[in-house]
Amino acid sequence: MGAFSLITDTERRVPRVVVVGLASCFGCQLQITNAEQYLMQILGQIDLQYWQLVTSEDMPDQYDVAIIEGAVTTRESEETCKAVRAKAAHVMAIGACATTAGVTGMAMPGLDGRIAEVYGDGLPDASGEFIAPRPVSAVIPVDSEVRCCPIDPLDFVAMLQRALFGSNRSLDTRTLCSDCKRNETECFYNSGTLCLGLVTRAGCGARCVNLGRPCNGCAGLSPDANLDAARAACDTYGVSRADFDKALEMFNQVNPVLAESGDE
Amino acid sequence: MLYRVMDKRELPALVRAFMESYEVVAPVKRGSGYIFDVIGSPEEIELDYTQTASSPKKYLMPPTETLMKFDANMNLVEDFIEQVTPRVIFGVHTCDINALNRLDVALIGGKYVDPYYQARRDATIVVGISCVPNENCFCHLWGADEAQFGYDLFLHDIGDKYLVSMSNVEATNILEAACELSEATDEDRIAFRQATRVRQSAFNKDIPDVQDVAMLMDVFHSDPFWEELGKKCLSCSACASVCPTCFCFDIRDVLTPDGKTGERQRTWDACTNPGFAMVTGGHNFRPTGRERVRHRMYHKLNGFFVNHDRMLCVGCGRCVTACKTGINPIEVLRFFKRKGADHAK
Chain V
1 MGAFSLITDT
11 ERRVPRVVVV
21 GLASCFGCQL
31 QITNAEQYLM
41 QILGQIDLQY
51 WQLVTSEDMP
61 DQYDVAIIEG
71 AVTTRESEET
81 CKAVRAKAAH
91 VMAIGACATT
101 AGVTGMAMPG
111 LDGRIAEVYG
121 DGLPDASGEF
131 IAPRPVSAVI
141 PVDSEVRCCP
151 IDPLDFVAML
161 QRALFGSNRS
171 LDTRTLCSDC
181 KRNETECFYN
191 SGTLCLGLVT
201 RAGCGARCVN
211 LGRPCNGCAG
221 LSPDANLDAA
231 RAACDTYGVS
241 RADFDKALEM
251 FNQVNPVLAE
261 SGDE
Chain B
1001 MLYRVMDKRE
1011 LPALVRAFME
1021 SYEVVAPVKR
1031 GSGYIFDVIG
1041 SPEEIELDYT
1051 QTASSPKKYL
1061 MPPTETLMKF
1071 DANMNLVEDF
1081 IEQVTPRVIF
1091 GVHTCDINAL
1101 NRLDVALIGG
1111 KYVDPYYQAR
1121 RDATIVVGIS
1131 CVPNENCFCH
1141 LWGADEAQFG
1151 YDLFLHDIGD
1161 KYLVSMSNVE
1171 ATNILEAACE
1181 LSEATDEDRI
1191 AFRQATRVRQ
1201 SAFNKDIPDV
1211 QDVAMLMDVF
1221 HSDPFWEELG
1231 KKCLSCSACA
1241 SVCPTCFCFD
1251 IRDVLTPDGK
1261 TGERQRTWDA
1271 CTNPGFAMVT
1281 GGHNFRPTGR
1291 ERVRHRMYHK
1301 LNGFFVNHDR
1311 MLCVGCGRCV
1321 TACKTGINPI
1331 EVLRFFKRKG
1341 ADHAK
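Line order of the protein sequences matches chains V and B. Under my numbering, the first sequence has 122 at position 122, and the numbering climbs by one with no breaks. Under my numbering, the second sequence has 1321 at position 321, and the numbering climbs by one with no breaks.
Only chain B is shown next, with the shape it has when bound in the complex:
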């Protein structure tokens, strides 16, 4: 990977350079937390943010989007790809970059490409930023604590400078035109190594590191644990709303008030919604919290892994905060840890 060193004082110049030809979204303060939002000036950016409430997924797969429009007067159907805004998502943590890579696998990596997602992904520049984990972060357990690809620039914080990884020509050109870059010195290299050590040692050690999680999901499929966990589910799907990798959706037609025209919309859906697995005739394949919560964890920690060689969970920890009853993958890991302790007796 090509890399250069940039003085932190140059950061506003880089952001302003992006703002000339892109909409720039970045972490900003909202209430007591942070969200990704469109910025009007570089000063709004909070690069020291811990975690945003929701992920940058919303810019690639919006909560609700138009798929096509129809007009009964004209007997017309109009294919529709929303005018895609060329956009820079600035200040993305590795968990979220890895989440985008997983969305890529699911939505554009297979035989049938999602043109809506593809159009937005192609028009998006991702600028990553290194971070220090908070108490809910467990990206390291799924190998999502490093971004090997999926970004255009990545800013590694090394004190008063950034070590910048560059993987895209367009973004690199903007960077080089806007900022004075230098070759890394030995001092910079040591600073980078120190930063990686600080980061590595900052993960919450109370979150168990368990081997063979995907297989354990199969092995303990019928354990009473799932009943306990499912009984706590509020059926709100807050977890799926904040999840950077949940990509399930529903499709519906929405009429304008005159009843003659309308549009087909795609909107986020989730396997935790009670009606998600209901089929024609009224049968629900996952009628209770037990089946729904287990299914969600299965897709995150087993199903995607056995098909795509990586967990669908990236350990961002958002659901740990979002779920008011404490349902999250950490609880699943703790369950497996307890099973290990049982065995030792």
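Pulled out of the complex, with its shape left as it was, chain V reads as follows:
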């Protein structure tokens, strides 16, 4: 597992890559095509054996890098992840659904009732056996992640290269605010407006804030997120704690940290 064995493998052959889609809108797979300017160059570095978005064929038996989009929401997709892990030297999760369970995680409260509400008695076999939504990393060890909803195509390219060639770039876990300071954009809290940058993992460069929108947390909670301090900051700046916690549910519903630290 990991980049090391992969690098030695690539001395013998071009890395074989598969792209797998689980519960998601498939938008992150589509985002890859938005790197169209570079697609031929990227394809020149890999042997793309399977891309679920563009084929009805079955997955090949052997591959080196597996890219997984989407959340794990069924027993079948859980098995898929395990099978992929057993074969791939490197597993990459892409997009909010695969890295945080994302929007599918919002189905968590009262999940059983929701399924009956949508499907009644006629749950199709093709739906599979539902389980609580979870990120890929909750099922198998993941070697790398490309975060956000949707992913940035060039973030994906950079992470793929990291898998192929290794990288000396450290992955930061700090939260977003320092990026806003670099960009010299105005902090939403100064005008009493909720923004999830206080606790959300940096890496996107605060692009929503650059476009005048508060962070909605699609990169997921930083492992170093300080929820208590962020809620205290909400108090200081006249932002409702309840609104803050509610907003966090969109991309962090199944994050155990959120469940543990629930604000009374």
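Derived from the structure by calculation, the hints contain no laboratory data. It should be emphasised that the depicted structure is a prediction, and the values quoted were computed from it without experimental measurement. Heads up, the beta-carbon is just placed ideally off N, CA and C, and yes, glycines get one too. Worth double-checking, as some hints may not be accurate.
Stated by the list, open to error - Derived pair list, reagent style DSS-like, types lysine-lysine, alpha-carbon separation capped at 27 Å: (1) V:LYS246 with B:LYS1337; (2) B:LYS1069 with B:LYS1029; (3) B:LYS1205 with B:LYS1337; (4) B:LYS1111 with V:LYS246; (5) B:LYS1205 with B:LYS1339; (6) B:LYS1069 with B:LYS1231.
Stated by the list, open to error - Which residues of chain V face chain B? A few of them, derived with a C-beta cut under 10 Å, are: (7) LEU111; (8) LEU176; (9) ASN190.
Dock chain B against the given chain V, drawing on the hints supplied.
Chain B in isolation, oriented as in the chain V frame:
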């Protein structure tokens, strides 16, 4: 210091003269605040600005810069110094001039000179402007309320005129060619003295003036205060991003999408980033907010001082605004003040 008096109405002429041969950056309005940005005309400048969101540091040590380029096809490494733009930073407060002097000490004052910083510093003219402190300013506590050096021109506001300190020939030549200067009169001297009094008395007296701060940092190194302060840290490093003297960086290689060429980049890093003190093998020397916040304050208020005889904090007050949970050097001073009160009991 050589000084002359200049009528304020001449200011646009001075700026335009600089614009002929330099890129001029100056404080401009952005949203409800101010930033340093490239100007297109002197009218954009807001010289009455209180404080910019971030400091002029970004022009000498950009958030991300290229150190070298490499090409695997050609097996080539190309040393790289970005084409340096000759630049005037116009309207810099004393705190930020003193901050540049501290960056000079750290980056070009030692045995190993940072050529990237040096190239930009050499190509930069700094024009200072006097200011009146806002409620978060505490530059006077660290002796950063006066700029003894580190600028090329300094404009002291004395009503409808500036008393201009001149410390660089090139900038002085431009000034003299663009503006009518006069010798200071007794009236000008009195006006300058009055301005310094107004400024001195305008500092927020609720910010404690504490003796021996560097030593106190050592003495109270293990106090529970650091746990309290560290517990509030959001691990965002907003403080370091706005700080005019934070100079820590990370270096990384970035490939182009074809995987064959790329560049080595330097990017701002900060000791408040959770992974900053992580080493190979996974051990993190400063795993929690307590260690990280304390370390940052130590470098600002102790470590740099004992090595270079001046605080690394210049009291600009930016972190006071930037930190959403109230972690800043003023809180450290208040802690020391409380300790003094404890002792008196």
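Need the status of pair LYS1205 (chain B), LYS1337 (chain B): alpha-carbon distance at most 27 Å? holds (13 Å)
Once the shortest beta carbon distance from ASN190 (chain V) to chain B is found, is it less than 10 Å? holds (7 Å)
Holds or violated: LYS1205 (chain B) and LYS1339 (chain B), Cα atoms, limit 27 Å. holds (18 Å)
Given LEU111 (chain V) as an interface hint, is the shortest Cβ-Cβ distance to chain B below 10 Å? violated (32 Å)
Next pair to validate is LYS1069 (chain B) with LYS1231 (chain B); report whether the Cα-Cα distance is within 27 Å. violated (41 Å)
Compare the distance between the alpha carbons of LYS1069 (chain B) and LYS1029 (chain B) with 27 Å, and conclude whether the hinted pair is satisfied. violated (36 Å)
Quick one, is the LEU176 (chain V) hint okay against chain B at 10 Å, beta carbons? With a closest approach of 7 Å, the LEU176 (chain V) hint holds.
For LYS1111 (chain B) and LYS246 (chain V), compute the direct alpha-carbon distance and say whether it is at most 27 Å. violated (54 Å)
Proposed proximity, LYS1337 (chain B) with LYS246 (chain V) (alpha carbon, max 27 Å): violated (40 Å)
Against the hints set out earlier in the document, violations occur for numbers 1, 2, 4, 6 and 7.
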